[in-house]
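Participant: Chains as they are written, first to last, in the numbering used here: chain A, 54 to 427; chain B, 481 to 683.
Worth flagging that the hints you see were computed from the coordinates, not collected in a lab. Think of the CB as a built atom: it goes at the ideal place given N, C-alpha and C, for glycine as much as any other residue.
A few chain A residues that face chain B, going by a derived Cβ cut-off under 8 Å, partial list only:
(1) Ser394
(2) Glu397
(3) His413
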Amino acid sequence: MSGQSVGIVTAQHAHFDQPLHLRSGSVLPAYDLTYETYGALNAAKSNAILVCHALSGHHHLAGRYADQPDNIGWWDNIVGPGRPLDTDRFFIVCLNNLGGCHGSTGPSSINPATGKPWGADFPIVAVNDWVHAQAKLADLLGIDTWAAVMGGSLGGMQALRWSITFPERVRNAIVIAAAPKLSAQNIAFNDVARQAILTDPDFHGGYYYEHNTRPLRGLRLARMLGHITYLSDDQMGEKFGRELRNGSFSFDFDVEFQVESYLRYQGDKFAGYFDANTYLLMTKALDYFDPSREDDGNLTATMGRTQANFLIVSFTTDWRFTPARSKEIVAALLANGRNVSYAEIDLNFGHDSFLMADPHYHGVVDAYLRNIKL
Amino acid sequence: MTHTLDRPDFEVIAGWIEPGHRVLDLGCGDGTLLKHLIDTRGVKGWGVEIEDANILAAIKKGVNVIQGNLERGLDEFADQAFDHVVLSRTLQTVRHTEGILREMLRVGREAVVSFPNFAYWKNLRSVLDGRMPVSEDLPYQWYDSPNVRFFTLLDFEALCDQMGLIIRERHVLDEGGNIVQAKDNREVNFLGSLAVYRLTQKH
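Could you put the whole structure together from the sequences, leaning on the hints where they help?
Facilitator: Structure (structure tokens):
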């Protein structure tokens, strides 16, 4: 699967002045969403695909900006003419979720009530809140029904949530490297990441913007921890092994092993552009995600409310959301007689596999999407 | 004899399945049988398949396919979720023979099983001549065969009896795909290259 990139893209902004009632009971009086679109919406408005981003993602799914040629979209390899998300056929939409830090209203935005950044006052958002905000964007774009809603990891959970919350608005849901809810171990990892941020002296209870500082150490640790859970043991072994930067032990606590160097680099890079409050919100949305809660934990009953066709994809080396977790979704769909296909892709990149341009993986997504009638 | 598909057992299987039925095809390959059943019988179908290339081919056909290993059972499927559970030319590749037959009748009302008959006279002659059989229905060399269980039509019926499974119907085909007419079971076992069965649980 090769195809081409979509090339130069531009971000767009939409303002919504109708209040959004959140899962927590809070109300967001007004909000902005930043998004990008690729391809053209057809006359019947039947070719729109929503791609939902994961924990640290944003609206810049594909292509690059004219003034920032190196800023390539986070899932560029799957979008464009001749690629699975074929822009010659589909109209692709991706937005930065509420609570984000890439243009949509979030903790670093100005709270109109105080004139200062929201900080810790920004309400906690749930996956279902994102789905409702995404639906408002769909309304604005004139999209009544998505040909598909799709995502990996937390993005896959949004696709799943869409199929439950708005069954009549989703024809296909493509749920990749996801789970129907987090395990205790998943939540535990998230909590360590949050504790790293919350206990950073620069956090200032979430109001660090006013102190002209940022909890960089905490955010960096959170990302380093997260990053370990995205990779597979085999892949780390192959990539770094026990290789030393300087060839021999230095008997101190400085960077010695290549894997340390890599993680610190990833942590620094991430802390340089991501907002700590957003990271807290995103991990909390993950922890709370459990659509079956409305049915006393009976996922089969929950999936009974869906109408979409489903493609569920997992990766053999993903230990964050294992294939077994995807199969829980598959089983609940099968029990309801839903159209569902399930592919378990043998790729060595752990949870991050979903972002890789593997020919078989992309072939499966491409084959599924080509069968969608427009 | 003409077939719409070059698999004569598919015609037999299709004839047993009512329009609108829910069908699970285990080891569905590239989804050819399911696609045929959907197009000609209007069934609702799902397949289980282990090979990546077949998963891709089935999805290309627009057939529901679940990637999985039959040796590990059918955990993702609920009890009695299907009208028919099909295992065509696959039983001989499964190690847990009794396990898969029980699983088929747990998730489905009726099991449809087809398999090559190792007692077919040409196979026997081949062995008498000192070589493992290679035929239309046993198209592999001994060293590249996916088959792990070697059994005859009579062996299979003895197992069904032992497991308390009821044989509702049986069609035995020769290498040309024609129904074998014979005077008794011994002769059927000798003349049949491929056997197709409908099984249910004893109630």
